[in-house]
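> Below, each chain spelled out in residue letters.
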Amino acid sequence: MTSSTTESEFGESRESDSDNPSVTKVARSKLSIALAAVFCLSVIMGTGPGVLLVNRPESISGIPLVYAWGILWYFVQVAVVIVASLTVWRSTGVAESCRTHNAPSRPERNSAERGEGELPR
Amino acid sequence: MTIPILVVLIYLGVLLLFGWLGYRRGERSEEDYYLAGRGQGWFISAMTIMATFFSSFALLGAPGMVYREGLVFALVSLNVPIAGVAIYLLGNPIRRAGKRGGYITQADMLCDHYGDGVGLRLLVALVGFLFAIPYVMMQLKAGGELAAVLFSGYDHAFEAGAIVLSVITALYIMIGGMRSVAWTDALQCALLVMGMALGGISLVVSMGGPSAFLHEVNQLPTSSLTVPGNTGFWQLPMLFTVCLLMPIGGIIQPAQWMRFYSARDADTLRRSALIFSVLLTGCFIFAIMPIGLGGQVMYPLELSADGVAPNERVGSFDQILVVMLDDLMPRLLGEVAGATLSSLVIVAIMAAAMSTADSNLHALSALFTRDIYSRFLRRGCSEREKLWSGQLLIFVATAFSLVLVLIGSRPESSLSGLMQMIVTLALFAVAFSIQLLPMTLDVLFIGRGTRNAAIISLSCGLLVAFCFTPLFPLLFAKESSPLILWINAAKELIPMHASAWGLVVNGLVFVAVSVIESRVLKARSV
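If you read the protein sequences in the order shown, they are chains A and B.
Be aware that the first sequence starts at 1, since it is given in the UniProt record's numbering, and climbs by one per residue.
Be aware that the second sequence starts at 1, since it is given in the UniProt record's numbering, and climbs by one per residue.
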């Protein structure tokens with residue numbers, strides 16, 4: 001239940017996400033799942049079987065139907081990316097920059113497990 | 001003719017200046033030459049990632065494809081946000097691993113994870129070459145197409161355009177490395193976006209505004225207004241697999257991978273992903289689409305039972321934008337202003353082509369130096385020698401791509417089918433780069449695959465993908481051979497893109513071999 005100020009990789013001071021990190025984590029996780037679901041839906045509807053719903057030479061407000069369909073899913077996808085960028089990705093980036101820099105990456109951990117010493121340079 | 005030449009000369013001069021400035025600021029080390037010291041900020045990163053992704057595909061290939069196929073390409077444009085998401089979701093873990101492991105190439109990271117085998121390193125390097133060479137060829141072809149329209153009165157204009165583009169591009173990468181590539185990419189990306197917007201707006205204005213434009217578009221043939229398009233190429237499985245796999249293949253290609261390594265932090269890639277998704281998709285949907293559709297209105301296609309052919313006033317599908325600029329701008333804005341603006345768009349097309357060619361050549365040079373030269377040919381060579389060998393490779397790869405382009409541009413060549421459209425070349429290249437996906441996902445998120453699984457599955461994926469590309473029957477097999485008949489039957493049954501065929505086999509083999517191998521190891525240890 002603490003609030004702390006940390007310095008990020010690029011030297012800016014940032015407040016940590018919330019007083020209760022576990023609540024924030026759950027909310028962020030739910031938001032991530034919702035955004036992923038909407039994005040997958042937009043891919044399936046915009047470029048997959050969903051196209052069959054509009055595949056005829058008609059127009060809506062003067063815009064050809066297939067074109068309007070593409071524009072609609074473009075706005076949906078862009079909205080998902082904007083929300084993800086401003087919420088989920090931002091907090092992940094901050095958390096990452098707050099973490100200790102000594103933690104090894106997965107490839108590093110693997111080479112360490114194999115007992116190999118120096119990484120290729 | 002004086003204004004376009006002047007604008008083009010100024011642009012080329014600025015590029016060489018950037019190359020020289022990159023050289024002056026560089027530290028002459030391998031990491032600095034290839035990754036700009038891993039300190040690239042968000043603006044330059046966003047611009048260079050966008051410029052590398054888009055290339056001549058954006059300003060020549062895409063309008064050409066819209067011109068040939070019609071509205072279906074609006075749906076193909078939806079692949080761009082997928083690439084944007086991949087920039088953050090794949091790019092950020094790659095950046096993090098690269099920073100901690102000191103990696104420069106894809107093979108550095110993948111081989112570090114699976115154990116540094118010769119086979120795997122060479123295979124990953126091969127994927128890089130299979131992606132980069134067609135992509136460089138595509139850009140040189142764009143230079144040729146541009147010159148063929150602009151200097152249509154001259155013999156060998158195509159050849160001269162391709163040669164000039166390749167010489168300038170190779171020169172500034174050889175001089176300045178990643179720093180100058182990124183700086184020129186930033187300039188080129190700005191030109192690219194401006195060119196797309198300018199082309200789209202001028203076309204809609206010339207047709208009497210948005211309402212008149214849409215009215216004309218609604219009168220196009222039914223096949224232009226629906227899926228699968230005029231040639232029937234964009235069947236649903238093809239549309240879906242291309243939209244899903246092309247952006248991911250374009251994001252895990254060697255040049256982009258190195259851009260992730262060179263990004264300063266997570267925030268850099270977050271902002272890059274955001275700008276990329278919003279800006280580039282918007283340009284495609286609201287600028288490139290009108291250009292291609294307007295092309296169909298102004299220069300009607302010749303649709304017959306034999307297929308689709310461009311209007312006789314348009315040399316090839318990919319030339320539609322340049323032909324329209326040549327026609328429209330002087331009529332809209334008068335001789336001088338029209339010529340100046342159309343020269344700017346022409347420079348934008350050159351920028352698009354060069355920004356991708358330079359990134360791929362630069363990545364190829366890193367691949368060769370790190371994964372082949374200093375590891376197998378001259379172990380323990382000096383930094384200076386590594387840089388020198390990389391620069392030599394840039395020259396050789398450019399010359400090789402140029403020769404292929406010049407050969408492929410002849411109608412009698414067996415490469416001419418593949419070289420017919422820029423989009424075809426792009427899809428050919430992506431069919432190989434996407435084969436690194438199972439391995440990449442395993443290295444970054446799963447960690448349960450084995451080295452043998454990686455080697456066997458990647459080989460199978462590359463082989464299967466190649467068999468399903470248009471080049472395979474042209475080069476290696478007779479049309480009546482059982483293999484070709486089987487491949488054609490499979491394509492007819494499920495018209496997916498070659499990359500998807502390769503990836504399905506690749507993924508299945510990867511999982512199967514990993515599971516079998518780990519069980520065998522467990523049984524042995526018991």
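Hint data in this document are derived by calculation from the structure and do not stem from the laboratory.
All values reported here derive from a predicted model rather than from experimental measurement.
It is possible that part of the hints are untrue.
A partial selection of chain A residues facing chain B, derived with a Cβ cut-off under 8 Å [as the list claims (entries may be wrong)]:
id, residue
1, A34
2, A37
3, C40
4, V43
5, P57
6, I60
7, G62
8, W73
9, S85
For every residue, glycine included, the Cβ atom is placed at its ideal position computed from N, Cα and C.
> It remains to establish, for every hint, whether it holds in the given structure.
To see whether the hints hold, each was checked on the structure:
1. A34: 15 Å, violated
2. A37: 13 Å, violated
3. C40: 10 Å, violated
4. V43: With Cβ-Cβ at 7 Å, under 8 Å, it holds.
5. P57: With a minimum Cβ separation of about 4 Å from chain B (threshold 8 Å), the hint on P57(A) holds.
6. I60: Where the cut-off is 8 Å and the nearest Cβ of chain B is about 11 Å from I60(A), the hint is violated.
7. G62: 5 Å, holds
8. W73: 6 Å, holds
9. S85: 4 Å, holds
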